[in-house]
Amino acid sequence: MLEELKVLLLVAIRNLALHKVKTIVVGGILLVGSFLVVFGLSLLGSIENTMSQSIIGSVAGHLQVYSANARDELALFGSGFFGRDDLGEIEKFEDVKAELLKHPNIADVVPLGFENAFLGRGNLLDDLFERFRSTVKSGVEADTLNMVETIKTNLRTVRSDLENELKISSIPEDIKKQIADVEEALSDNFWMRLKADPESVLLFLESRIAPLSGEKEPLYLRYMGTNPEQFTQVFRKFKIVSGENIPAGERGILLSQRIYETQIKNIVARGFDNIQKGTVEQRKKIADDVALRTIASDLPKQYLETLVYLNGEQRKETTTLLKEFLKTDENDLETLMKNFLTVDDSNFNDRYEFFYKTIAPQVRLYPFKVGDTINLRSYTRSGFLKTVPLKIYGTYQFSGLESSDLAGAFNFVDMVSYRELYGRMSSEGQQELEALRKEVEIKSVDSGSLEDALFGADAVLESRASESNTTTSTTTTAASPVMEFKRLQTGSYNPSELNTGMVINAAILLKNPRLLATTRVDLEKRLADAKMQLKVVDWKQASGTLGQLVTVIRAVLLIAVGIILVVAMAIINNAIMMTTLERTREIGTLRAIGAQRNFILRMFFVETLTIAVLATFLGSVLAALFVGFLGVRGIASPSDFVSFLFGGPRLYPSLSPTVALVAPCVVALLALIFTLYPAFMASRIAPAAAMQDRE
Amino acid sequence: MSVVLNGVIKDYPLGASMVRALHDIDLTISEGEFTTIAGPSGCGKSTLLNLIGCMDVATSGTVSIEGKVTNALSDKEQTQLRLNTLGFIFQSFNLVPVLSVYQNVELPLLLQGGMTAGERSKRISELLEQVGLANKAKNRSHELSGGQRQRVAIARALVTQPKIVLADEPTANLDSETGQNIIELMRTLNSKQKTTFIFSSHDPKVIEHARRIVRLQDGRVIEDVRK
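Going line by line, the protein sequences match chains W and F. Position one of the first sequence corresponds to residue 1 (our numbering), numbered consecutively onward. Position one of the second sequence corresponds to residue 696 (our numbering), numbered consecutively onward.
Any given hint might turn out to be false.
So the derived list for chain F, only partly shown, Cβ under 10 Å to chain W, looks like this [unchecked claim]: (1) G748; (2) C749; (3) T754; (4) L781; (5) F783; (6) F785; (7) R915; (8) V916; (9) V920.
No wet-lab data here; the hints were simulated from the structure. Owing to the predicted nature of the structure, the values given are computational and were not obtained by experimental measurement. Glycine residues also receive a C-beta, built at the ideal position from the N, C-alpha and C atoms.
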């Protein structure tokens, strides 16, 4: 047997050497196939690993728990559909947490809830007039005069814009009125009233002139309510960049550094930042890249964003500096600034430097900064607009994911403010409301029993105050739907409220993540036994479409590799068929001198196996070396999105030993399967074929 | 009797019709005979050898080898018969190109199994000695002359010590002197080992070496003479 195998192997090796083209084609295909499978799956495995770290380490935790009554599925990073997800509510977080912590594998449970809010950003003139109001109030005459000049300059720009608009407008009468208003604001008579009646001047500017510069788009912010201190301790990637964490018991917001830089920062500065990133970090050319070209062409149109903040002196100084920088005799600052902001590949670097050195210090780079209070506006569950003032305590980012929009998608607020924006009242507020109700003898009734309550017997009208602890239910029968709630002061609360009461979902951190699947099943059972209608999902499911991404990529890769392999195998099959035909006489001779059919079959299998084992393992070794090389050098993330998947700006892939061993075996096995038919055909060659095809 | 053919007919399809290659052949070849099947090209020599060599099946009639009717045997049994009872020498030598002289001769023994490497080596060495190729054992077939290749083929045919050796035009691809030498070698081996040799040829010089001449024409035996 061993001797026969030796001969088979010898025949195989000699035949492989004899039919070089076939050997190279078959071996090459098997090598590439094995390389692709090992490299692809190792890369994917590494991405899955880094991505899971990104998702688990930022907001998801290992598991997430939320209401079983949710109409939508939890999608922390977006479900891919617009609109507001209905995730139900976890009424008493403290009970759920206590139940979950009974499981030995649970390290911690963090309360969460996310929602969208927006910040009105006013317009350029709003900002200017707001500052003017405070300057007037301060009573420093020099400053006031300086600002008057700035306002006049801006008004001239508005007038020129309106005059241009007048030429193409279909409603010239309106525009003419607006121009007349601007003319009035530019007249000396108007400004002479400032001393005697400052309020009328300010009101005219704020109500008649400010709207003319157009409203800026509101800023949409996704915010996540949580227990800030606990969150920082549990999610180790979380890092405060500036300021401090929201102290327990205080209302506040932590802005995402990413959002702060890419959405809140002055638009001209952002334009410079983006072009700088594209040209320096990504080595793109403005001329070649559509996105960079668009940013560059928008820059000159945004010139006002850099001038509106300048007073008279600063305007003069900037004019001189720009004239010198641009080496021009032009005296008009607007034109100079437009020219300055017209950037291309040849002048960008110098202008970027000049902008940050000279222009930026005079510009308000951020409309609000750490320490300021912003009014976060959000629609409550029942559709009322709710405004909550929140102090910006700081900015944060996730380590390694600084440039990722996904990881920086959230701004964190304390859970108490979250509940308020959601439409729940704090316990303090509820007590206050109760007192008010008693005082004015209001009884709360839901809309279904309204008729009975108003017109039925007294017995029906019973107090439901204890059940109605939301602002929405207290107002549905009394207030109009456009009613807006606005609390004017930020305030403190009892820190224990962070971990008690309503939350939307909660992140569960495990002691041993390897037991994730079994823990998830255990927890679902435990919660069901405790009559808590909650579902527990793993991080992959919780992250929405993103979590499925790797599964999808893997499926696509496997299908692609599958197709490649099937085509490759068809080629291999064909190549072996061709050599079978060439070797008809040799096979006939073997049959004639007494070789059984299965000897011929074995001969073909040994041949395929020899080349397959050599080629696939060589392919696997090459893939391993390549993965090893990339593991040291890293693969640069081509985009901010991919950097989230990579868990940072570079992916350092690692080889999966199982894949490196199993993949070549699978490819070799496939090759053997595809050798079956030609081998079978060869075994059917009649011994009389030995007499044919004479030399 | 070594080989017995009874009323053997062989038809081949040719397009839509059938062509009769052999007509009602009755032939008996005894053990140790040195027989040639002679006749011009297309007379049915190769067909007859194929039937005797279990490489083809008669349309009617029977072919018996060492008392076994080959028509009734399965493919596996026929192969066994070829391996253990028959030896083949082909016109084009048909050596396995990728194997050495030694390995080519060894191949049938490996297919048979049951012998140790030492036993095989001893037998192969003796045979190579007999065919005059003792010093070429390690050579590959393309390094040998035509005559040398045919000697290897003879050694391969004899290595299993078959009862019958079939040779289809064994000298056709050789010059006449080499051809004569090969026939001489076959005759010597036949005398020494009492192996039955049946070979086809159309070369009168070769034919005259045979002790029995079976002459075919148009698929019929027209002459059967023993010297």
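Each hint tested on the structure:
no., hint, in the structure
1, G748, "holds, 7 Å"
2, C749, "holds, 8 Å"
3, T754, "violated, 15 Å"
4, L781, "holds, 8 Å"
5, F783, "holds, 5 Å"
6, F785, "holds, 6 Å"
7, R915, "violated, 21 Å"
8, V916, "violated, 21 Å"
9, V920, "violated, 26 Å"
The earlier numbered hints that this structure contradicts are 3, 7, 8 and 9.
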